Amino acid sequence: MTSTGIRLHAPAPGWSIDADVVVVGSGVAGLTAALRCEAAGLTTVVVTKARLDDGSTRWAQGGIAAALGEGDTPEQHLDDTLVAGAGLCDEEAVRILVTEGPDAVRRLIATGAQFDESTDGGLELTREGGHHRRRIAHAGGDATGAEISRALVEAVRARGLRTIENALVLDLLTDAEGRTAGVTLHVMGEGQHDGVGAVHAPAVVLATGGMGQVFSATTNPAVSTGDGVALALRAGAEVSDLEFVQFHPTVLFLGPDAEGQQPLVSEAVRGEGAHLVDADGVRFMLGQHELAELAPRDVVAKGIVRRMLDNDAEHMYLDARHFGAEMWEHRFPTILAACRAHGIDPVTQPVPVAPAAHYASGGVRTDSHGRTTVPGLYACGEVACTGVHGANRLASNSLLEGLVYAERIAADIAATGLHARVPQPLPTAERPAHPLLPPESRFAIQRIMTRGAGVLRSEASLAEAADRLHRLHADARDALHENGKTAEPGVDTWEATNLLCVARVLVAAARQREETRGCHWREDRPERDDTAWRRHIVVRLNPDRSLAVRTTDTTDFPPTLPQAQEQ
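The numbering used here puts the first residue of the sequence shown at 10, with every later residue one more than the last.
Derived by calculation from the structure, the hints in this document are not laboratory data. The model shown is predicted, which means the values in this text are computed figures rather than measured ones. Every residue gets a Cβ at the ideal spot worked out from N, C-alpha and C, and that includes glycine. One or more hints might be untrue.
[As the list claims (entries may be wrong)] Using C-beta positions, here's what the derived DEER-type ranges look like:
#1 ALA488 with GLU84: 52 to 62 Å
#2 ASP487 with LEU556: 10 to 20 Å
#3 GLY204 with THR82: 44 to 54 Å
#4 ARG116 with PRO568: 47 to 57 Å
#5 GLY264 with ALA167: 20 to 30 Å
#6 ASP321 with LEU570: 22 to 32 Å
#7 HIS141 with ARG330: 46 to 56 Å
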């Protein structure tokens, strides 16, 4: 796999540093990879877009899933994951997750993460959608991600890892053979490094999180603009299953025009016995699935949307008044505070909820060691497609996936001796290879995607979205070709350009998959079709910025790298 030659329009790097490994992102996946690389004796640099603790991990409420409870087994966890994934999980990837997961959680605890304990001193485990057992470890009631982030950030600082905060990574650097040679990045604000620079390294680990900001309403923070997926595409990497965007069923409804990050009402609230009801108080999930409100997320999201359509309503309700004030305050203090901040008291009234974009089950295609189709480029966490999630992520598997596969990446880099190679990056292009979009394009993209590629999709809605996205792309391209002009380089324009890139891929994949499966819901193709579509959709970017879309021959992913090219 060779680079496309496409790079964001940006000034040439004005400074550089060298490392064995550069990790991009500071969530559970990124910091775990960095800590394990450092422990293996590798010179490691962590680059993160905001502060070290500002990624998606700290917003995770429910917890981390692993077979840690009495009577639970990795095999049971595997079964629940495969069912949720609707026939598209890579079973070997899931088996790695569930068998290595328990010890990975124990190592996280040894690193300093403090999980809630039961009265007998063991872990207090809860249950979430799609799980047949209580296997979700949580912290601070509903602040699991914040506690994991705290522990990992403290460990990184205690060990003196080099970090570059407030830095947007731009593009991958490669050598003459197409192997990874580092990244270019832009540091925002004053510090040790300012402006555009480079980190030269033979191994790059993408742990940049999701792309929820491609939709108008999302649970993702503002930094989740698909930067890692866009960088990988420009570098020539393949992405897979991007059509499977999970819409969390229960997001606090703040009005039909609400945009940006919305407060999440964790699935754990339903795990503790909250009910979904309509305006008349009717529990509409009963009879739709054996687990009712605790069905996999795609089932619950569809159930809510169907009821909204049937009742001509903008939202449904989550009723947990029977919890009482003490349980709300002890078990779900973060959610309680968020609801009350918006004038809703869950202790005395049902909470208005509606689905919103939450998690990308697809991403940069990797193998079981986190290797992508570009030698030296790795990916883990939400930016990656390991095959674990299939068509729909099982609740609380995301933190575990980031943990397990980050450890595997660090072990692979150390074992292969990849870090011994001295990178010789090719010079960056003098002329802009990729036109930049004006900042206001971000909101246009979000509206296009919400309307055409949201919870409900059809060929008509997707075709309209594809056409409107193409017009944004063509306008920027034509302006560059006709008069050499492009939007001024900067964080807003780079983010908008990345969002357009991932939006185009998502829509192309969603149009290709002519069925309903997992969290991909086609109104015009309402049935699941295993004969034709129990396959993966793989997309790469061509040098002319067109998309190459293909469907795999089987449910198995092809190898990421030919054996001869592996590090």
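Verification of the hints:
Restraint check, ALA488 to GLU84: a C-beta distance of roughly 57 Å satisfies the suggested window 52 to 62 Å. The hinted range of 10 to 20 Å is satisfied by ASP487 and LEU556, whose Cβ atoms lie roughly 19 Å apart. Against the hinted window of 44 to 54 Å, the Cβ-Cβ separation of GLY204 and THR82 comes to about 53 Å, which satisfies the hint. As the Cβ distance of ARG116 to PRO568 is approximately 29 Å, the hint placing it in 47 to 57 Å is violated.
Distance hint check: the CB atoms of GLY264 and ALA167 are about 44 Å apart, inconsistent with the given range 20 to 30 Å. About 52 Å separates the C-beta atoms of ASP321 and LEU570, a value inconsistent with the hinted range of 22 to 32 Å. Evaluation of the 46 to 56 Å hint for HIS141 and ARG330 yields a failure: the beta carbon distance comes to about 27 Å.
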